[in-house]
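Our numbering puts the first residue of the sequence shown at 31, with every later residue one more than the last.
Since the hints were made in silico from the structure, they are not lab data.
Among the hints, erroneous ones may be present.
[To be verified] List time: in silico EDC-like cross-link candidates among lysine to aspartate or glutamate, alpha-carbon distance up to 16 angstroms:
(1) K289 / E273
(2) K289 / E248
(3) K378 / E414
(4) K167 / E664
(5) K469 / E525
(6) K469 / D521
(7) K645 / D619
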Amino acid sequence: MLSSSSYSIAQSDYRGSKVKMTRSINRYTEHDYSPLARHFADFIERMNGKSAPELYLAALLVSDVIAGGHICLNLASHEKQTFQVGEKESIISPAIDAWERVLRLSPVVGRPGEFRPLILDETHRLYTYRYWNYENKVADRIREMAGTMIPPSPLFNPETCHALMERLFPESISPDGHASGQIIAAFIALTRHLCLISGSPGTGKTTAVARILAFLLESSDNTKSFRIALVAPTAKAAIRLEESISKIKQVLRCPEWVKTLIPEQSWTIHRLLGASADGTSYRYGEKNPLPYDIVVVDEASMVDLPLMSHLLEAIPYSSRLILLGDPHQLSSIEAGAVLGDIMGSGEKNQYSQAFLNMFRDYAGIGTLSPDETKRSFMTDSMVELTRNYRIRDESILGRFKKSVMMGDANEAVQLLESGGEALTWTEIPDPHALKSYVKTEIGRYLNKYLRNVLKYSDIDEVFLHFDAFRVLCALRGGLFGTIHLNRLLEDCMKEMSGDHPIPSFYPGKALMVTNNDYALQLFNGDIGLALADDKAKEHYSVCFREPKGTFRKLSPYTLPEHETAFAMTVHKSQGSEYDRVFLFLPDSDNPILNRELIYTGITRARFNLTVCSRKEILTRAISRKMERYSGLTEKIWG
Numbered sequence: 031m032l033s034s035s036s037y038s039i040a041q042s043d044y045r046g047s048k049v050k051m052t053r054s055i056n057r058y059t060e061h062d063y064s065p066l067a068r069h070f071a072d073f074i075e076r077m078n079g080k081s082a083p084e085l086y087l088a089a090l091l092v093s094d095v096i097a098g099g100h101i102c103l104n105l106a107s108h109e110k111q112t113f114q115v116g117e118k119e120s121i122i123s124p125a126i127d128a129w130e131r132v133l134r135l136s137p138v139v140g141r142p143g144e145f146r147p148l149i150l151d152e153t154h155r156l157y158t159y160r161y162w163n164y165e166n167k168v169a170d171r172i173r174e175m176a177g178t179m180i181p182p183s184p185l186f187n188p189e190t191c192h193a194l195m196e197r198l199f200p201e202s203i204s205p206d207g208h209a210s211g212q213i214i215a216a217f218i219a220l221t222r223h224l225c226l227i228s229g230s231p232g233t234g235k236t237t238a239v240a241r242i243l244a245f246l247l248e249s250s251d252n253t254k255s256f257r258i259a260l261v262a263p264t265a266k267a268a269i270r271l272e273e274s275i276s277k278i279k280q281v282l283r284c285p286e287w288v289k290t291l292i293p294e295q296s297w298t299i300h301r302l303l304g305a306s307a308d309g310t311s312y313r314y315g316e317k318n319p320l321p322y323d324i325v326v327v328d329e330a331s332m333v334d335l336p337l338m339s340h341l342l343e344a345i346p347y348s349s350r351l352i353l354l355g356d357p358h359q360l361s362s363i364e365a366g367a368v369l370g371d372i373m374g375s376g377e378k379n380q381y382s383q384a385f386l387n388m389f390r391d392y393a394g395i396g397t398l399s400p401d402e403t404k405r406s407f408m409t410d411s412m413v414e415l416t417r418n419y420r421i422r423d424e425s426i427l428g429r430f431k432k433s434v435m436m437g438d439a440n441e442a443v444q445l446l447e448s449g450g451e452a453l454t455w456t457e458i459p460d461p462h463a464l465k466s467y468v469k470t471e472i473g474r475y476l477n478k479y480l481r482n483v484l485k486y487s488d489i490d491e492v493f494l495h496f497d498a499f500r501v502l503c504a505l506r507g508g509l510f511g512t513i514h515l516n517r518l519l520e521d522c523m524k525e526m527s528g529d530h531p532i533p534s535f536y537p538g539k540a541l542m543v544t545n546n547d548y549a550l551q552l553f554n555g556d557i558g559l560a561l562a563d564d565k566a567k568e569h570y571s572v573c574f575r576e577p578k579g580t581f582r583k584l585s586p587y588t589l590p591e592h593e594t595a596f597a598m599t600v601h602k603s604q605g606s607e608y609d610r611v612f613l614f615l616p617d618s619d620n621p622i623l624n625r626e627l628i629y630t631g632i633t634r635a636r637f638n639l640t641v642c643s644r645k646e647i648l649t650r651a652i653s654r655k656m657e658r659y660s661g662l663t664e665k666i667w668g
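Please work from the sequences and hints to get the whole structure.
The structure is reproduced here in structure tokens:
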């Protein structure tokens, strides 16, 4: 930690004084800055040793944008503006060159590689040291893993490789000799420390990774100590990964000893790293690496920059990392869009000539599709799966998904208006109409779920019926937000279930944990269902689904902070899939509405999707692309 005395150096007067900052400006910015951002800016100015409005403003803004999901501040996009930093105080930012000259005079601002509270690079990016360090570590490790070859075992010859691929990936080689994404991913995992598999829900990412693990095990010289970890960012996603791998293992065309070595237990990343009780430190890290040869991370788009940095730091240099994710989905709630930044913005499925030659030699396949143009050594570590096994591209849901992904709002609206059982659209004009819609349309699904709850049937069956449908919202507040919709859905449940002695708990009430509790091992986003302990319905436990198909019952009075979860935000739904989804958008535009949010919401639906929104709100959301500012792509791709 830097001492405050390090920043008491006497300085010459700043070129940009408060007098200079009263000149005319182009734009005026109003924003409610958080107490944390204000405290950070005050701290930086105190460490500077003298008042400096330009420095205060830069510190305030960088703290604010990190809270908004960015990794750093683009100073150039904030020049020549007026910022209201208090009820009566405003600060005008100077032109970028003058602003940067002022900042570089300060002892609290350093260049990349220096140990200062703020880091300013040569491309107008201002970081806190913490996030500059995270970004640098992730970029360095990703480049190192992607750029390092793993020579196949001397005993693993091309004939063995080709035969193994034909057995494990029987449908992955077309009659004309083209290789599918799954078989390319297997060869990437064989020859690289990093394998990044992207694709939308339904493209077989989990199936691919199960086959890849079998492929790696059978191609290895020494499988006795082969250790594999399956992880995901949330408990819900980890359970889904575990369930999927368990099912796929049963149909793998491989020896039983291989199936035995593919684990069925999964972890959250926090549990894998051995997070402390307060979640601020980890058991595993650079000095105490993880004891695994392969780490598989599902739903990698949900991993924020700090967590990715800690994970990469804990992975041994001899190990492989396989990332599965969809960069078109919403990024992590915390800072960063790491998966998208790692993948870059170029065309996918392009490989170097060296990779192509080696692939042809070992796989015995003459052609890769669709392109063979070299861009970067990074491309040899990535594959995008494009064939969708769940939603056909030509189906109305498939076309709707693609139109949203491409930002084509006109086509998306036309598809909604065309109608159909799989894709429906409704506008709800007022609260009375909303209450009626919830009772008649969504109430049918609530009733089916409640009937199963009241039968006292198997807990797994109760969860299956609960996951048959879901109400998703863009926001928490407002007429079409989770708070109001949960109230309406709860009223329906209470009305259908009849009298119950405990008003706050009733048969089948759905709860979502909203605050991590490391002692109970319950985490933000975990879902529990309130079920009666006996047929008298006088006592209730909240049941949480655990790995390996087990369930844990807890007293409702011991739970950490939680909320009703019949309706949840799209953010909270990531990593889940439901047979039917009702997607509600607010009745007025909001900056949080973007195509990534819409795409994430619609891809939660397996078979049926209903969009509840005004046409103009949906159109604006699809036309708006989420941008998170960072330097990670540039550092990785050069």
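We went through each hint and held it up to the structure:
1. K289 / E273: 14 angstroms, holds
2. K289 / E248: Given that 16 angstroms is the threshold and the Cα spacing comes to 11 angstroms, the pair holds.
3. K378 / E414: Holds, because 6 angstroms separates the two Cα atoms, which is no more than 16 angstroms.
4. K167 / E664: Holds, at about 14 angstroms.
5. K469 / E525: 10 angstroms, holds
6. K469 / D521: 9 angstroms, holds
7. K645 / D619: Holds, because 11 angstroms separates the two Cα atoms, which is no more than 16 angstroms.
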